[in-house]
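Q: What follows is the residue order along each chain.
Number of protein chains: 2
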Amino acid sequence: MNILLLEPTELNAEGRGVISGPRADHIRTVLALGPGDELRAGLIDGPLGQVTVESLDDHGVVLRCDSLLATGTRPPVCRVDLLLALPRPKVLGRLWSQLSCLGVRRVMLCNAARVERYYFDSHVLEPSTVRKRLLDGLSQAGDTRVPQVDVHRSFKKLVEDDLGRARSGEVRLLTDVTAAGPAPPIRKALEDLPGDARVLLAVGPEGGWVDFERALLQEHGFVRVSLGERTLRSDLACIVALSLVHETLREAGR
Amino acid sequence: MNILLLEPTELNAEGRGVISGPRADHIRTVLALGPGDELRAGLIDGPLGQVTVESLDDHGVVLRCDSLLATGTRPPVCRVDLLLALPRPKVLGRLWSQLSCLGVRRVMLCNAARVERYYFDSHVLEPSTVRKRLLDGLSQAGDTRVPQVDVHRSFKKLVEDDLGRARSGEVRLLTDVTAAGPAPPIRKALEDLPGDARVLLAVGPEGGWVDFERALLQEHGFVRVSLGERTLRSDLACIVALSLVHETLREAGR
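Sequence lines, in order, name chains A and B. If you count by our numbering, then the first sequence holds residues 1 to 254, one letter each, in order. If you count by our numbering, then the second sequence holds residues 1 to 254, one letter each, in order.
Hints listed in this document are in silico derivations from the structure and should not be mistaken for laboratory results. Because the structure is a prediction, the values reported are computed rather than measured. Careful, some of the hints might be misleading.
Said to hold, decoys possible - Not close to chain B: a few residues of chain A, all C-beta gaps over 10 Å, as computed: (1) T9; (2) E38; (3) R74; (4) R131; (5) R133; (6) A141; (7) G142; (8) D150; (9) P194; (10) A197; (11) F212; (12) G228.
As the list claims (entries may be wrong) - Okay, derived cross-link-like pairs now, BS3-like style, lysine-lysine, Cα gap no bigger than 30 Å in a straight line: (13) B:K132 to A:K90; (14) B:K188 to B:K132; (15) A:K90 to B:K90.
To be verified - So the derived list for chain A, only partly shown, Cβ under 8 Å to chain B, looks like this: (16) H26; (17) T29; (18) D58; (19) Q98; (20) C101; (21) G103; (22) Q140; (23) V146; (24) R187; (25) E191; (26) R230; (27) L236; (28) I239; (29) V240; (30) E251.
For every residue, glycine included, the Cβ atom is placed at its ideal position computed from N, Cα and C.
Could you put the whole structure together from the sequences, leaning on the hints where they help?
A: Quick look at the structure:
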């Protein structure tokens, strides 16, 4: 836990945060803080800053949050969205915190020919599970903005109706390990991007997209990119592709 | 399983591979291959190529490997070594296959001030467990070269005696999320690298290196690099840093 994340509902009318459970235990036992000590904190989907321990006991911790509320700054909005063919539950379960730790604005999970139906019934898609794991990653990364997550049972509807054509300043990338023929690296595909560009990154299922899916994505502005010659499992492909996109945006000063 | 990996001991005198267990089951049930069918395979620490199913039943699969042995090609040696402060067993357990999937020549696991003693007693350091998981990653990536793994109880001895000074053409990088002050991105630190360069990448423990460790690494030629402003857990830092190193080497055509 690099920052303590507070739900807005945990603030009382006087701007005090009252927490219990694992975060309070962490403050007491791992950080070993006492009254008057400061720690880095963030209000979920709000500002980042410092809070001060006012009092603490076995039941919980009371934090003074006036400075956080008055002078905290909001972290920047992430410029990267992810379209991900729904991975196996075990894989997705581990991926949530890694995605929010790396930084992503929105995660669209979608069906694909090589996605098994039962993946959609997993508890790792339950909103409370998803949110808890996303918060873990944000707390690690020092961010407060919870990625938006939506699940799409129809790949075709998602791409044709919801995504439609790329907007100006939006770059759509398709990492496709099984696609024949050479594709440029991510850096090349992001050259000459406008300063306010957004990136939408599509990562396929284990076994890759089928031809129909690949063609539909390409018709809707997705450009194939290569992650190298090694075939990565889809969770690793997500992490690697996100790293490379972020690094390229960072270097370009965006 | 993108390639079938065979132990040299699984080849008989006539160049036939005889396998049973999960790999044989995979060939029968997932790939649904029959006699005469070919599949992509590799001999561990040897060539990559094609093998042919000769016969199969519930007990196992017999493969003709003469073409693999005669015309298979050895994958290139990876140019990246990793020095990693021993992570928590649960984290390390997941990391093995990701490391070998991304590609690393050698993994040096070491002690550090913020590594807990009990991490060294975990079964995820047992050679048979390590090898099995490394092979999983290689089989996914399509590589045959098993990374060398060694465990070092003394950080100081490893750095001072074993690593010593950087050799010509070796670049040493230190990802250190907690270090004060700006550090260049990995790409910048790898500029103007000779064609046969090697990279040794050091990734610290949860909570980072302590000052002594950081200073000792820097004295021995490690250059600080930044992975951005978000604080990544050490396994994610490994994956991100390896991705960026590989991408930079790949782009430079090395």
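Q: None of the hints should be skipped; say for each whether it holds.
A: Tested hints:
Interface exclusion of T9 of chain A from chain B stands, the closest Cβ pair being 26 Å apart, more than 10 Å. No beta-carbon of chain B comes within 10 Å of the beta-carbon of E38 of chain A; the shortest separation is about 18 Å. The claim that R74 of chain A is not at the interface with chain B holds, since no C-beta of that chain comes within 10 Å of its own (minimum 14 Å). Look at R131 of chain A: its CB is around 19 Å from the nearest CB on chain B, clear of 10 Å, so calling it non-interface holds up.
The Cβ of R133 of chain A sits about 13 Å from the closest Cβ of chain B, beyond the 10 Å cut-off, so the non-interface label holds. Distance check for A141 of chain A against chain B: the nearest CB is about 4 Å away, which does not clear 10 Å, and the non-interface claim fails. For G142 of chain A, the condition that its CB be more than 10 Å from all CB atoms of chain B is violated, with the nearest at approximately 6 Å. A cut-off of 10 Å between C-beta atoms confirms that D150 of chain A is not in contact with chain B; the least separation is 23 Å.
P194 of chain A, annotated as away from the interface, keeps every beta carbon of chain B farther than 10 Å; the closest lies near 21 Å. With a minimum CB-CB distance of about 17 Å to chain B, A197 of chain A clears the 10 Å threshold, and the non-interface call stands. At roughly 22 Å, the least C-beta separation between F212 of chain A and chain B is larger than 10 Å, which holds for a residue marked as non-interface. Consistency note on G228 of chain A: stated as away from chain B, yet its beta-carbon is not over 10 Å from all of that chain's, at 6 Å minimum.
Restraint check: the Cα-Cα separation between K132 of chain B and K90 of chain A comes to about 19 Å, which is no more than 30 Å; the hinted pair holds. Restraint check for K188 of chain B and K132 of chain B: not satisfied, since their Cα atoms lie roughly 36 Å apart, outside the 30 Å limit. Restraint check for K90 of chain A and K90 of chain B: satisfied, since their Cα atoms lie roughly 15 Å apart, inside the 30 Å limit. A hinted interface residue such as H26 of chain A counts as satisfied when its beta carbon comes closer than 8 Å to some beta carbon of chain B; here the least separation is about 13 Å, so the hint is violated.
Restraint check, T29 of chain A versus chain B: the minimum CB separation of about 15 Å is more than 8 Å; hint violated. A least Cβ separation of about 25 Å between D58 of chain A and chain B goes past the 8 Å threshold, and the interface hint is therefore violated. With its C-beta approaching chain B no nearer than about 6 Å, Q98 of chain A sits inside the 8 Å limit, and its interface hint holds. Hint status for C101 of chain A relative to chain B: holds, with the closest Cβ pair at about 6 Å, below 8 Å.
A hinted interface residue such as G103 of chain A counts as satisfied when its beta carbon comes closer than 8 Å to some beta carbon of chain B; here the least separation is about 6 Å, so the hint holds. Taking 8 Å as the C-beta contact cut-off toward chain B, the hint placing Q140 of chain A at the interface holds, the least distance being around 6 Å. Hint on V146 of chain A is violated. Least Cβ distance to chain B is approximately 15 Å, over the 8 Å limit. For R187 of chain A, the shortest C-beta to C-beta distance to chain B is roughly 7 Å, which falls under 8 Å, so the interface hint holds.
The interface hint given for E191 of chain A is violated, since its Cβ lies 12 Å from the closest Cβ of chain B, which is over the 8 Å cut-off. Here the hint on R230 of chain A is kept, as its CB sits about 4 Å from the closest CB of chain B, short of 8 Å. Given hint, L236 of chain A at the interface with chain B, holds; its Cβ is 6 Å from that chain's nearest Cβ, closer than 8 Å. Taking 8 Å as the C-beta cut-off, the interface hint given for I239 of chain A holds, the closest approach to chain B being about 5 Å.
Annotation: interface hint on V240 of chain A holds; nearest CB of chain B at approximately 4 Å, less than 8 Å. About 6 Å separates the beta-carbon of E251 of chain A from the nearest beta-carbon of chain B, less than 8 Å, and the hint is met.
The structure shown violates the earlier hints numbered 6, 7, 12, 14, 16, 17, 18, 23, 25.
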